[in-house]
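**Student:** Position chain Y relative to chain Z; hints supplied.
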Amino acid sequence: DAGITQSPRHKVTETGTPVTLRCHQTENHRYMYWYRQDPGHGLRLIHYSYGVKDTDKGEVSDGYSVSRSKTEDFLLTLESATSSQTSVYFCAISPQGLDTEAFFGQGTRLTVV
Amino acid sequence: GDSVTQMEGPVTLSEEAFLTINCTYTATGYPSLFWYVQYPGEGLQLLLKATKADDKGSNKGFEATYRKETTSFHLEKGSVQVSDSAVYFCALTTHQGAQKLVFGQGTRLTINP
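Residue numbers (my numbering), protein chains in the order written: chain Z, 274 to 386; chain Y, 520 to 632.
Careful: at least some of the hints might be erroneous.
Taking lysine to aspartate or glutamate and the EDC-like style, the derived pairs with C-alpha atoms no more than 20 Å apart in a straight line are [claimed, not checked]:
1. K579/Y to E374/Z
2. K619/Y to E332/Z
3. K326/Z to E352/Z
4. K571/Y to E374/Z
5. K619/Y to D335/Z
6. K284/Z to D521/Y
7. K579/Y to D335/Z
8. K596/Y to D573/Y
9. K579/Y to E561/Y
10. K619/Y to E352/Z
11. K571/Y to E595/Y
12. K575/Y to D329/Z
13. K330/Z to D521/Y
14. K619/Y to E374/Z
15. K579/Y to E535/Y
16. K343/Z to D327/Z
17. K619/Y to D327/Z
Pairwise CB distance ranges, derived in the manner of DEER restraints [claimed, not checked]:
18. E287/Z to E595/Y: 44 to 54 Å
19. S598/Y to T293/Z: 40 to 50 Å
20. D574/Y to R295/Z: 35 to 45 Å
Every beta carbon over 10 Å from chain Y, so not counted as near; a handful from chain Z, in silico [to be verified]:
21. R295
22. H314
23. L318
24. V325
25. T350
Source of the hints: derived by calculation from the structure; they are not laboratory data. Note that CB positions come from ideal geometry on N, CA and C, so glycine has one too.
With the rest of the complex left out, here is chain Z (with noise of 0.2 Å):
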């Protein structure tokens, strides 16, 4: 168990309303990122953190934002959902980078309806 809760784990939506995921983490690790899991595309990194306050936009950061005020804590907010955003998010973190290990949540399967 690597201390990551994601929270809430099921959630469904209707389109055009904000939707914020959360991601809190026990281990104290400077990195946390969050990914989105898609039939036939594995896993596409949305925006990820290196530090408190400091964000950067993955391959498919387009429609979703993040913060990062605290180290345990990585929120991911989907302003205004649509029905593309249907997927399963996953959030990681790692110690080092991800040249050493990315630790994985259970993942938040959404759903726009």
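**Tutor:** For chain Y alone, coordinates are given in the frame of chain Z:
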């Protein structure tokens, strides 16, 4: 850009069969290579890794060798078990700029008793 290509799934084998899951990559420079495994309902876990050419990663009877000349990192196991049923992801980390894990699309493996 950097990319990972895995063999198409799903793959179905009988218990004690030999397993190979092919993985090839495209990357600038010399990436680190990984295999992650996802059991049903869980997040991803690191299975093995290799950080330079000709390195062999191994864990739980699985092996993969970093082949720079063929840009490959094929996963093998000599005798699979029912408990090996999962989705397997090949991935690489770039070392240019911020480190990011780039995943293949995943290969679903089912082992029948």
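**Student:** Take the hints in turn and mark each one as holding or not.
**Tutor:** Against the structure, the hints:
no. : hint                         : verdict
1   : K579/Y to E374/Z             : holds (17 Å)
2   : K619/Y to E332/Z             : holds (10 Å)
3   : K326/Z to E352/Z             : holds (19 Å)
4   : K571/Y to E374/Z             : holds (15 Å)
5   : K619/Y to D335/Z             : holds (17 Å)
6   : K284/Z to D521/Y             : violated (32 Å)
7   : K579/Y to D335/Z             : violated (39 Å)
8   : K596/Y to D573/Y             : holds (18 Å)
9   : K579/Y to E561/Y             : holds (18 Å)
10  : K619/Y to E352/Z             : violated (24 Å)
11  : K571/Y to E595/Y             : holds (18 Å)
12  : K575/Y to D329/Z             : violated (33 Å)
13  : K330/Z to D521/Y             : holds (16 Å)
14  : K619/Y to E374/Z             : holds (12 Å)
15  : K579/Y to E535/Y             : holds (14 Å)
16  : K343/Z to D327/Z             : holds (11 Å)
17  : K619/Y to D327/Z             : holds (15 Å)
18  : E287/Z to E595/Y: 44 to 54 Å : holds (47 Å)
19  : S598/Y to T293/Z: 40 to 50 Å : holds (46 Å)
20  : D574/Y to R295/Z: 35 to 45 Å : holds (37 Å)
21  : R295                         : holds (15 Å)
22  : H314                         : violated (6 Å)
23  : L318                         : violated (6 Å)
24  : V325                         : holds (16 Å)
25  : T350                         : holds (21 Å)
Consistency note: the structure conflicts with the earlier hints numbered 6, 7, 10, 12, 22, 23.
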